[in-house]
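**Q** Each chain is listed here by its residues.
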Amino acid sequence: MDARFTELLTPFLKFLGDREIEADSSLRDLGLDSMQAIELLFAIEDTFDVTLPDDDMNDATFATAGSLWQAVEAALTAQGVAA
Amino acid sequence: MTLTSQEVASPETQLTDLPDLPGQPDLLDLPGRVAAVAAVAAEHAARTDQEASFPLEALTELRRTRLLGLLVPREYGGLGGTVADLVEASIALGRADTSVAMIFAMHCQQTEAVVRHGSARLRAELLPRIAAGQVYLASVTTEAGKGGHLLTSQASLATAGDDLVMDRFAPIVTGGGHADGFLVTMRAPGATSPSQVSLVYADRAQLDIQPSGVWQPLGMRASHSGALRLTGTVPAHHVIGEHGQFHTIASTVFGPLAHLGWSACWLGTAAGALSRVLGLLRSPQGRGSTDLTSELLLTRLSKVRQRLDIVHALLARTQQTVLDSTDLSVPRVQLQLNALKITAAELCHSAVDELVTAVGMRHGYLKGSPTRLEQALRDLRSAALNYSNDRLHLADGRLALLDPEVRFV
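Quick mapping for you: the protein sequence lines, in order, are chains A and B. Letter by letter, the first sequence follows residues 2 to 84 of the working numbering. Letter by letter, the second sequence follows residues 146 to 554 of the working numbering.
Careful: at least some of the hints might be erroneous.
What the hints assert, rightly or not - Stretch by stretch, here's where chain B covers chain A in the computed footprint (C-beta under 8 Å, at least three residues):
| no. | segment |
| --- | --- |
| 1 | 16–30 |
| 2 | 33–47 |
| 3 | 59–72 |
As the list claims (entries may be wrong) - Simulated restraints, written as ranges between beta carbons of each label pair:
| no. | chain 1 | residue 1 | chain 2 | residue 2 | range |
| --- | --- | --- | --- | --- | --- |
| 4 | B | Leu530 | A | Thr78 | 41 to 49 Å |
| 5 | B | Thr471 | A | Asp19 | 34 to 42 Å |
| 6 | B | Leu530 | A | Glu8 | 53 to 61 Å |
The hints are simulated quantities; they were obtained by calculation from the structure and are not laboratory data. For every residue, glycine included, the Cβ atom is placed at its ideal position computed from N, Cα and C.
Make the full structure from the sequences, and use the hints.
**A** Okay, structure coming up:
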């Protein structure tokens, strides 16, 4: 995962504590609710200058840090933006 | 928990023991069973509403007809019914008594969670008892201090050896005073955040149950949804789904079945109300005292029928969506499910309100009218509050932002 991504993610995870964000870190368990998921999505799109496709808007995408990063990475590749 | 062979009848015994009902064309005979319960519910509806007491007679009939086991697969001795059967039964029961219909629909939603997410051992122990009419399930998801939020919990499960220890207060538990078992949401053992929620089954015999407060509501009075404190210990295999993963059950079972089931109950309530009004208007007495050519009356009847057809169409469509969708978490599916609940709650209530206006003070507003509009209107007032429409609109606003192309299911 990109360092910018984990840095961007951190403030949304109020129950993260001192732990590191791992690929299998559960975003829901760490405090990401549905309202914050929208704000996180906007932050990702602003930071990486990508648009995540509508088909990625499901529980599986937002399940873990790794699954969300995969979607971001795929969007970056699809849009020809260097990660 | 270990059950004796007497307590767990074999599936074969269950099937041959199904009650003989008049005109039983097949094993399921849903209409016959539902009609039997509806008749008992209607017989006692005025009293249970007046007393705000639980519809014990209707529950007994739900047990006798094995409808409590509607969604239990046949291999466990159940009727092996489908979501479509649940919707059909809920509409029919709603015509007779909204409280009974809601009690039934919510029990079926709980049953489906056990069927789909319970461990093999829990299913083997519990499902035959539900199928046999021995276990009526209540849901314990409400909690003080979380504003009705389904996906979080304040109270934590503790562990004692292999057992799970619960101490849980819930301000609203539909039918809690009479349930034989409870599905309870609590924070998973060792959870580090409120969203790590587990769903746990507890048998009444495993709990100390302390009711508190009085149940004196506007409508839905027979649902007897008072406050309870549950304390007790259950074995580890009573967790339904994985610890901390209740949100999966919420999005795949609780949400869809609640919105389909509730909407069906409300549609049934409004359809029953319209049917009784039409019966009155068409009776010799009604034709003698009402001008059936009144354009105002005809227009009002039309508007009522139109609202019910809208709800019915959306219910049928959403039912198909739930059947067809591999992922119910995508925004357009969630939006449709929420739209069903919000629309049914609003239109069923407004349809009965319109009927009150159409037939006036004597037949619409007074208690004791055979149209029973007064009770239907009070019962349906709860629909917008039962998992609040306001909360769903907030969720829908967020979901809409996640579907900028505005695609429909």
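**Q** Evaluate each hint against the coordinates.
**A** Structure-based check of all given hints:
Counting residues of the segment 16–30 of chain A whose C-beta lies closer than 8 Å to any C-beta of chain B gives 4; at least three are required, and the coverage claim holds. Residues of the segment 33–47 of chain A lying with their CB closer than 8 Å to a CB of chain B number 6, which satisfies the three-residue condition for coverage. With 3 residues having a Cβ less than 8 Å from any Cβ of chain B, the segment 59–72 of chain A passes the three-residue criterion, so the hint holds. Here the CB-CB span from B/Leu530 to A/Thr78 is close to 47 Å, well matched to the stated 41 to 49 Å.
B/Thr471 and A/Asp19 have their C-beta atoms about 38 Å apart, which keeps the hinted 34 to 42 Å range intact. At roughly 42 Å, the beta carbons of B/Leu530 and A/Glu8 sit outside the given window of 53 to 61 Å.
Violation of the numbered hints given earlier is confined to hint 6; every other hint is satisfied by the structure.
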